[in-house]
Each structure stands twice: as structure tokens, then as C-alpha cells.
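**Q** Using the sequences and the hints given, assemble the complete structure.
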Amino acid sequence: MTHKHQALPMAEQVIWLIGASSGIGAALVGELQKNCKALIISARNEDKLQEVATGFDNVSIIPVDITQPSTLAQAAQQLTDRFGHIDTLVANAGTAEYVDVNHFDAALIRRVHETNFMGLVNCVEAALPLLRKSQSGYIVGVSSSVAYLPMPRAQAYGSSKAAVSHFLEAMRADLVHLGMDVSIVCPGFVKTPLTDKNDFPMPMRISAEDAARYMVKGMQKRQFEIHFPKRFSYLLKLIGNLPDFLRLRITASMSRAGTPDNKDSHS
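Residue 1478 is where the sequence shown ends in this note's numbering, and the numbering goes up by one at each step.
Take the hints with a grain of salt, since some may be wrong.
Unchecked claim - No farther apart than 30 Å at their CA atoms in a straight line, the calculated lysine-lysine pairs in the BS3-like style are these:
no.	residue 1	residue 2
1	K1259	K1428
2	K1432	K1344
3	K1448	K1428
4	K1448	K1245
5	K1428	K1441
6	K1248	K1259
Said to hold, decoys possible - What follows is a list of derived Cβ distance ranges for each label pair:
no.	residue 1	residue 2	range
7	A1222	A1318	26 to 34 Å
8	Q1261	V1387	31 to 39 Å
9	G1295	R1433	19 to 27 Å
Hint data in this document are derived by calculation from the structure and do not stem from the laboratory.
Yeah, the Cβ is synthetic: ideal placement off N, Cα and C, and Gly gets one too.
**A** Encoded structure:
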């Protein structure tokens, strides 16, 4: 049986944001700190974290590497010593690399999954004991709109984010009985240092600041799925739900694999 629970207002929460040094994470710091009691921000780059935290009284930093569970365990111990609990985990850290099927590289896929999927799992492992001590623990994990529709070159990034979505929904099924909430965040294209490297069109791209505002609004309502911009995410959901023959024709038309400059020179 599901237990009804009263969520703690965000203004009274201790929030741990992981992946805060740039992009959506850095923009989230500005949005979250004015809405919560205490914000602890983590990422690998301590200098960037210091920069992002500057000027905010209720923001403190703890550097971590999400691919190294020992650093997360140390951070969790610091949080236990200082606060005794956390109310919300925001697992935002991630990376993106794209696959060239003519030069297929399993190591690339492993690398992306290690950060995007196992990194998030490591964050949850470290945070769960602290969240259990909260009046109403809350996990917010960042997936992607690409999880709605498998697309060319997204074999690594897309599959890692689809795994994140599946994992978080399964966690929600178990944690809701303990009075805890889970949200899956599925952004479309957001202007960040990561997407600045992309060499393909990014329709309806929004700023990191807009993305952060959408996220916090969804978090305040504890929406299960927070997706934005809506026009883009609904379009991907729509295509993703088309019959196979139509959907596959659309995604194949986006591929570069058959273009002359992308054919394997050894073929």
C-alpha cells in the first residue's frame, strides 16, 4: 500500500546538486539557492564550483567524481556530519559522445554509460541513506528527450539516458511506499558547453537558465516527468509512438551513414 506523505516545502530543504560546474547545473545553482534552505553542490572541478557558488550564502561545495563511488561516500559522510540528512538529490552530471557506425567503438559507449548511467546510480547509492532520514526524500535524475526516440549516432548517449529513465521509474515504484518521490527530467536541446560541440542542427534550443527554471518549477510540484521545451518533447514522443514502418523511415532519414563523405573508405 502506498503511504500518503506531505512533501517538505522547498524553502526548508537541504538539497544536494551533483553536476553543478557548468551548463544546466550551474544555472540550477542560482535558481535553487533562492528557493531552499541549504544547497550543496558537487562536480569534479573544484575551481568551477567555487566560481559558481560565489555570492551565495547558503551554497557550499564538495568536489566528487561520480565514476568513483569512494568520493561520493566521502561526500555523503560530510553531509551526514553537517546536516544529518538531505531532502533532495539532483543527479545532473553527464556527458555526450556520438557514434560513427563506420568506425564503431565499444569503448566510447562504455565511457558514456559509465558517466551517464552508472554515475547516476552511484549518486543514488550515496544519497539514499541520507534521503531516508528526511521527512520526504526526493530524487531528481536528469535523463533526456532522446530517450523517447532512438536516433542516429545516439547509440551511446541515447541508450544511457533510456537506462536512466528506466532505472528512475523502477526506483519510484519501490520508493513511493517509503514516502519518497522521484522525478525524471527530460530536457530537449539546451545551450551548454556540451551542446556547443554538436555539429548538427538543434531545433528549439533553449538557454540553460530557462532549463533551470523549468526544472525548479517541476520540482516544486514534484512532477514525475519534467520535460521541456514542450513543443520539442511532445514531437519526439509523437514520432516515438508512430507505427514502426513510419518511425523507422523518419529516423533513418536523419542518418549520415549513407552520405558520400561518411562512407567507410575501406568499403
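**Q** Would you mind marking each hint as holding or not holding in the structure?
**A** Hint-by-hint comparison with the structure:
Between the alpha carbons of K1259 and K1428 the distance comes to roughly 26 Å, so the proposed pair stays at or under 30 Å and holds. With a C-alpha separation of about 21 Å, the suggested pairing of K1432 with K1344 holds against the 30 Å cut-off. Between K1448 and K1428, the direct Cα distance comes to roughly 21 Å. Compliance with the 30 Å bound is thereby established for this hinted pair. For the hint linking K1448 to K1245, the alpha-carbon distance of about 33 Å lies beyond 30 Å, and the restraint is violated.
Simply put, K1428 and K1441 have alpha-carbon atoms about 14 Å apart, close enough for the 30 Å limit, and the pair holds. Straight-line distance between C-alpha atoms of K1248 and K1259 comes to about 22 Å, which keeps the hinted pair within the 30 Å bound. Here the CB-CB span from A1222 to A1318 is close to 45 Å, at odds with the stated 26 to 34 Å. Between Q1261 and V1387 the beta carbons are some 37 Å apart, a value that agrees with the proposed interval 31 to 39 Å.
Distance hint check: the CB atoms of G1295 and R1433 are about 22 Å apart, consistent with the given range 19 to 27 Å.
Checked against the numbered hints listed earlier, the structure breaks hints 4, 7; every other hint is satisfied.
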